[in-house]
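Q: Heads up: the sequence lines are chains A and B, in that order.
If you're matching positions, the first sequence starts at 1 in the UniProt record's numbering and goes up one per residue.
If you're matching positions, the second sequence starts at 1 in the UniProt record's numbering and goes up one per residue.
These aren't lab readings, by the way, just hints derived from the structure by calculation.
The beta-carbon is built from N, C-alpha and C at its ideal position, and this holds for glycine as well.
Hints may contain errors.
Simulated DEER-style distance windows between Cβ atoms [as the list claims (entries may be wrong)]:
#1 Ser-283(A) to Val-216(B): 58 to 66 Å
#2 Ser-285(A) to Ser-198(B): 56 to 64 Å
#3 Glu-185(A) to Gly-74(B): 53 to 61 Å
#4 Arg-128(B) to Ser-283(A): 19 to 27 Å
#5 Ser-43(B) to Glu-499(A): 26 to 34 Å
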Amino acid sequence: MTKKNNGTTVNGMTLDPTLAGRLKGPKSGVPKRWVAVLVIVAFIAAFLVAWIVPKSQAEQPTRQDSVTIGLKLAPTNLDIRGTAGSALDQLLIGNVYEGLVARDESNGVKPALAKSWTVSDDGLTYTFSLNRDATFSNGDKLTAADAVWSIQTLVDNQYHDYDQLRNFKSVSAPDDYTVVIALSEPYPDLLWALTGRAGLVFDSKVESNAATATDMKTSALGSGPYAVASFNENDSVVLKANPDYWGESKAQTATVVVRYFTDDNAAVNALSSGDVQVLAPISSSLATTFENNPAYIVQAGDGTDKYVLGMNNAADKATGDIRVRQAIRYAIDHEQLIASRGGTDKLLGGPIPSLDPGYEDLTGLYPYDLDKAKELLEEAGYDENNPLKLTLTYANTYGTEIGDQLRSQLKKANIDLTVNVVEFSTWLQQVYTDKDYDLSIVDHNESHDFSNYANPDYYFNYTGDHAADVQQLTAQALSSASESDSETLLARAARLVSEDAVCDWLFNYRVTTAMAAGVSGFPVNMNQTVMPLYDVVYVA
Amino acid sequence: MKFTLQRLGLLVVALAVVSVLIFAAIRVLPGDVAAVMAGMNASPARIAALRAELGLDEPLVVQYLSWLKGVVTGDFGTSMLTGQPIAAIVAGRAAVTFPLILLGLAIALVLGISLGCAAVLARRCWVRSLLQAIAVVGGAVPALWAGLLLILLLGSGTGVLSVLPTQGFPQDGWASPGRALTCLVLPALTVGIIVGASIMRYTRSALLDVETNGDVIALAMACGMTRRRAMVTVGLRLATPQLVSVVGLTFAEMITGVMVVENLFALPGIGTGLVTDIGQRDLIAVQGELLMLAAFFLVVGFAVDVAHRTLDPRLERAA
Numbered sequence: 001m002t003k004k005n006n007g008t009t010v011n012g013m014t015l016d017p018t019l020a021g022r023l024k025g026p027k028s029g030v031p032k033r034w035v036a037v038l039v040i041v042a043f044i045a046a047f048l049v050a051w052i053v054p055k056s057q058a059e060q061p062t063r064q065d066s067v068t069i070g071l072k073l074a075p076t077n078l079d080i081r082g083t084a085g086s087a088l089d090q091l092l093i094g095n096v097y098e099g100l101v102a103r104d105e106s107n108g109v110k111p112a113l114a115k116s117w118t119v120s121d122d123g124l125t126y127t128f129s130l131n132r133d134a135t136f137s138n139g140d141k142l143t144a145a146d147a148v149w150s151i152q153t154l155v156d157n158q159y160h161d162y163d164q165l166r167n168f169k170s171v172s173a174p175d176d177y178t179v180v181i182a183l184s185e186p187y188p189d190l191l192w193a194l195t196g197r198a199g200l201v202f203d204s205k206v207e208s209n210a211a212t213a214t215d216m217k218t219s220a221l222g223s224g225p226y227a228v229a230s231f232n233e234n235d236s237v238v239l240k241a242n243p244d245y246w247g248e249s250k251a252q253t254a255t256v257v258v259r260y261f262t263d264d265n266a267a268v269n270a271l272s273s274g275d276v277q278v279l280a281p282i283s284s285s286l287a288t289t290f291e292n293n294p295a296y297i298v299q300a301g302d303g304t305d306k307y308v309l310g311m312n313n314a315a316d317k318a319t320g321d322i323r324v325r326q327a328i329r330y331a332i333d334h335e336q337l338i339a340s341r342g343g344t345d346k347l348l349g350g351p352i353p354s355l356d357p358g359y360e361d362l363t364g365l366y367p368y369d370l371d372k373a374k375e376l377l378e379e380a381g382y383d384e385n386n387p388l389k390l391t392l393t394y395a396n397t398y399g400t401e402i403g404d405q406l407r408s409q410l411k412k413a414n415i416d417l418t419v420n421v422v423e424f425s426t427w428l429q430q431v432y433t434d435k436d437y438d439l440s441i442v443d444h445n446e447s448h449d450f451s452n453y454a455n456p457d458y459y460f461n462y463t464g465d466h467a468a469d470v471q472q473l474t475a476q477a478l479s480s481a482s483e484s485d486s487e488t489l490l491a492r493a494a495r496l497v498s499e500d501a502v503c504d505w506l507f508n509y510r511v512t513t514a515m516a517a518g519v520s521g522f523p524v525n526m527n528q529t530v531m532p533l534y535d536v537v538y539v540a
Numbered sequence: 001m002k003f004t005l006q007r008l009g010l011l012v013v014a015l016a017v018v019s020v021l022i023f024a025a026i027r028v029l030p031g032d033v034a035a036v037m038a039g040m041n042a043s044p045a046r047i048a049a050l051r052a053e054l055g056l057d058e059p060l061v062v063q064y065l066s067w068l069k070g071v072v073t074g075d076f077g078t079s080m081l082t083g084q085p086i087a088a089i090v091a092g093r094a095a096v097t098f099p100l101i102l103l104g105l106a107i108a109l110v111l112g113i114s115l116g117c118a119a120v121l122a123r124r125c126w127v128r129s130l131l132q133a134i135a136v137v138g139g140a141v142p143a144l145w146a147g148l149l150l151i152l153l154l155g156s157g158t159g160v161l162s163v164l165p166t167q168g169f170p171q172d173g174w175a176s177p178g179r180a181l182t183c184l185v186l187p188a189l190t191v192g193i194i195v196g197a198s199i200m201r202y203t204r205s206a207l208l209d210v211e212t213n214g215d216v217i218a219l220a221m222a223c224g225m226t227r228r229r230a231m232v233t234v235g236l237r238l239a240t241p242q243l244v245s246v247v248g249l250t251f252a253e254m255i256t257g258v259m260v261v262e263n264l265f266a267l268p269g270i271g272t273g274l275v276t277d278i279g280q281r282d283l284i285a286v287q288g289e290l291l292m293l294a295a296f297f298l299v300v301g302f303a304v305d306v307a308h309r310t311l312d313p314r315l316e317r318a319a
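Bound conformation, chain B alone (with noise of 0.2 Å):
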């Protein structure tokens, strides 16, 4: 209970410090929200105006200060150029980013842990070192160029075969759920074969660490179970808490990690919609944006955290 307290204050401390990172990052840019908005042909005056009416006139001190009062009220403002609230967009964005992530990640999972562990157990040495390739190469692979490559095998229009969408979300989201899945298959398995990969790894890696590092495994075998049944049911147990910690900073990096994903399908979420912002300075906006998935990022350590206590109660122990 403590370690969860004292964990929690580190957060809120760290956010304070990303809060004033990031303010005063996206000032030091060169780039005026208002000259964008006012376009190349306005008079100096005119976007002086606009800078008054946007509040940019003001010293930074109170912007930011205000700007804080909202995020910890729970309001982030509105977008400067769109008139929206940042929580909305950032809602609708994420509308299709998480569930892309999510997706890819229950793939990631599905390929790499049961691949990784095959390239540990499986009987033939060929097939392990072709796995452990497949896992180097994997790894290596750019996101794009798996994209156009599953593009040219499996979109409709362009593929082989050619059955699934390319690109695009339905227009109203989630209120057509399967067309909307549907335009999810193709990034996620791309995404989900790369993070895949590197599971892969992880997982091997992991269970060869379990095995050779202390005699668990010789003591489950020697009560008779057989190598491999003692890697699966025992080794991955104990290779658990090193999969977490991978699984959930993958996670937090895919966030902004599927941006090229994204963008090659075409799908209005965080990563392309953060990239637009920032080309458009648009202030408000980057700035609840990049508050909101630094608190996701911080969260989610928070959370792999915790979660090593309760699937390691050695840590406990140890402290």
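Bound conformation, chain A alone (with noise of 0.2 Å):
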């Protein structure tokens, strides 16, 4: 209170300024009414715009020129040579990069950079015919000088996916429309293999000169009916249809927008208000909010992800003893697994789903049966005095549920389950590198990746009776000259995997795809590692 009181009074009245400012205003006690019925009329008028301007705007569908996809796993940076992740093969192959041949929506193996191709008798040359219009989006020409730059800088410098060109021995170029890879020994899964990341083409004009190389990390240059106009990353990818596109498949829309939502409330009311045209995937509880809504297409789709009960089969491990897995295996009702998660995942009782070649249906070999279960694990040593006490640790992205029902399941065969869900860097360190663990839940989503569990480095640990046989016949499987030989191989293996319980398969997922109606041309099927968008078109 630094200011003075230098009032002064005359008459009973002061002169202080401030109290006599007060004095001279006439009171405000009456309220204002009009304040309020201005207030609500503004309110009501609010209220009727919001309802008309919608309605009125009901006009002829046209083709937009603009749709927006919402997926859920976004990736960290563009750079797909350095970064792992499905997320990057989802959004890049076939769309931006494309590679010598390309997947198809059953998993098998088409055409795309080039036209044609033979392979030896012997299995150990695969020679390929470049389309020779090919072009990459900066107007440079797409030659064989390009392929084998691409595949040889991806051996000699171990980018991502370098070891699936298993037996490679070397890429040449004969003419500037052919491409010959060699093999040391007969590999039939290489066609396959050069579908993804490996097979990839990149414009060696540009990246093998450090001042002109692209920052892979931010910018893709490709061959696809689309370029990256912008990314942000964890949030949003826009993409412009390339005018110049060489090939057949022509983008059909002339942006795309990818974007990405980690809360599954947001991606649903990003589609209900239109934000969005295209969620993929969506939980099913999740979907039924659109089956019944005719403004809505909800449509699930076959793929290769595998959510596999991982068991550690070391020895020291209560999960070594063959009868404790097998009486988990029994203890599982799959059936009730699947219908809890809404019913349109698929079984699964071996390693091998419908979309890989060696496939057989196992689900007969360990039926839901309690009382084998308990037999199993007394034969072991425990009961319900001595229930056997196991952790399950797996990582937070699969949520909390499929951990709580394993839990009440396996409990009525006397295993005590302790439930740990962790971050996925701490599942990568603890599980899958220290093999520190008893049981762990991964979506195991890539294909072709049964090789893993002829692997006895591989967190399963899997040494047991089998596992000599297992490596040998995959071995044998990997370098058969022929394709067929080679999936019943694989199919014996398998069988012999699941027969010895290595892990427990929970099921097949099925991703679901809610679209909104007018959308079409979005792929179904695998569309979490495969996402041609060249064909989507949005009609509203």
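Now that you have both chains on their own, put them together as the hints suggest.
A: Structure (structure tokens):
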């Protein structure tokens, strides 16, 4: 209170300016009714405007020049050569980058940059003839030299997925439009491997020179129907059609925006408010809100996602005992598990899903049978008074429900499950790298990945009864010159793995896609790994 | 002046301590950015090569010192995963979070102070009780729930009155200011209502505090003011220092506190970004972001202290 009171008093009235000011003012005690009326009128007006405006916009449906697609797993950068994660394959392969060959909707091989190919009888030489008019989005011609440079640097610098090219010996270009890949031993999966990152062709004229090379983490230069116009990490990517695209799969929509939603509610709100036209994946429970609405299409597609209950087969673990692992497989009611998730997923009895070579229906090997489970556990030395105590460690991306459900199912077979949900990177360290775990859940979404079971260092620690046989069969399968022989061998190995109860295969996850009714051309099968967007059209 | 300098010194010391804590804490966590980058099928050799490339194989002290050197010269480094400078990443996210907080805080202040005053000054007893109940209930509502309710009420597509966008932020950010602003209205309302409820309680108790402790209000009334007038003009002025501390700290807390709201409305802000970066063990990014947050927190605390002094000269005399 530093101000001095210098007011003086005359006839009982104060001359202090602050107090006098207050005295002069008229009393404002009467409530201003017109303010309240104004507020109410404004509210009603807002209501009416909101009600009427959308209805007046009923026009003839037209093809939109922009489609927005909502996805879940975001890539952290665009570097498809240096960074792991199927989010990059999903976004870039077939849209921005193209390979020698591509994958079709049933996981087979189809032509892409190479219009045709031949395989020598001994299975050691693959000769591809390239399309002659292929160009990159910057106008550069795409020739065999680009393919050779791309594959050679992949192998030399050990870029991501270089190990998919098993038995690789050399790559060469006899002329501008012929590429020859030579193998040291046959590898029946080579063509399929080339549909992924290993077969992508980059612009060698730009990328081989350090001065002109693009920053692959933030931009992407390819030969595909789309080019990346902008990229906000973890949020969105804008793809613009390449007007001079060389091939037949020209982009049908000028702009495709891909947005990533970590929150499922936000994703659903985005679809219902029309901010996105496609949502993949959407959980079955959330999809029900759209299923009975004619303004939307909901479809489930096949895929190679295997939800695996990994078990630590190491001898010093309780799960090292085959009887325990078998008991766990008998104790799990897979049908109930699938039903509780909405019923779209498929039963899976072994390591190979129906879209992969070597598939065989193995669901009959370990049917749900609690008595048998208890019996096996008793043999192994566990019963009601001495229950088996196990810990289930898995990444938080899969939610807590699945772990809770397994706990309650296994409880009935006298197994006490402690569920430990951790961050993905913690899981990667503890379970995957250090192999310090009993049980774990992982969505192994890779296709053609059976060889992991033939790797004794893989996190399952599978060195059990038939491990040597499995290794031998797999090695034979992967170096067989005939694809059908290879499939038979893989099927035999897969049966052994399932019989040994190396893991339990909870289900074959099927991805559910929800779309606005005017959308067509969006791939429904396997769209979490291969998502060609050139055909996507939205009419509204 | 001496006070300000003293506080500045403390701020620098605190920042140094915090930088060590941050650096150590995220290295204690299990998990490895190289393993995340290389993916599940990577060979150990590839992971080791990546670690070397990222400088993760060097001794911790060397890593710390080189990071600190960068920070002191204003270079927070580049993210291991995105390859973009940390400062640019944080700036991009702050362009969403800060406007959201400011908008939310504005709503909270308008709601909180006016209702807080009303809760003390309303003539009827039941109005006061009702307002008090609103303050308690409003403070207990989880942000997620409030947000969902607002979406059901006002969100376009789902809402009863479908007027406002419920998620996302324009691709080009503030280049389209109208759209950017409408995207922030619902999230800001969500934040504003919840924070407003707590400011309402603080306002109420601060006002009552001024009235019961000391004779200021009685004196003002003796000078001819009504109780209401005395409370609003004199009482609020005297309660301001208390409110400034509360608002200052609320502001700092909101930066990470609005994370739930950012997630719900799919806004690419600081909170969601930080969680993603920690999940992926992007060490350089997390270090930079946490240090900036800590610095911000400390600066706000410092500003509140200084503001206190200016607003309440009695403190200076007491010292």
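Q: Compare the structure with each hint and give your call.
A: Hints versus structure:
1. Range check, Ser-283(A) to Val-216(B): Cβ separation about 59 Å, and the 58 to 66 Å hint holds.
2. Our hint of 56 to 64 Å for Ser-285(A) and Ser-198(B) is violated, since their Cβ atoms are close to 34 Å apart.
3. For the pair Glu-185(A) and Gly-74(B), the supplied restraint of 53 to 61 Å holds, since their beta-carbon distance comes to about 56 Å.
4. For the pair Arg-128(B) and Ser-283(A), the supplied restraint of 19 to 27 Å is violated, since their beta-carbon distance comes to about 46 Å.
5. Here the CB-CB span from Ser-43(B) to Glu-499(A) is close to 29 Å, well matched to the stated 26 to 34 Å.
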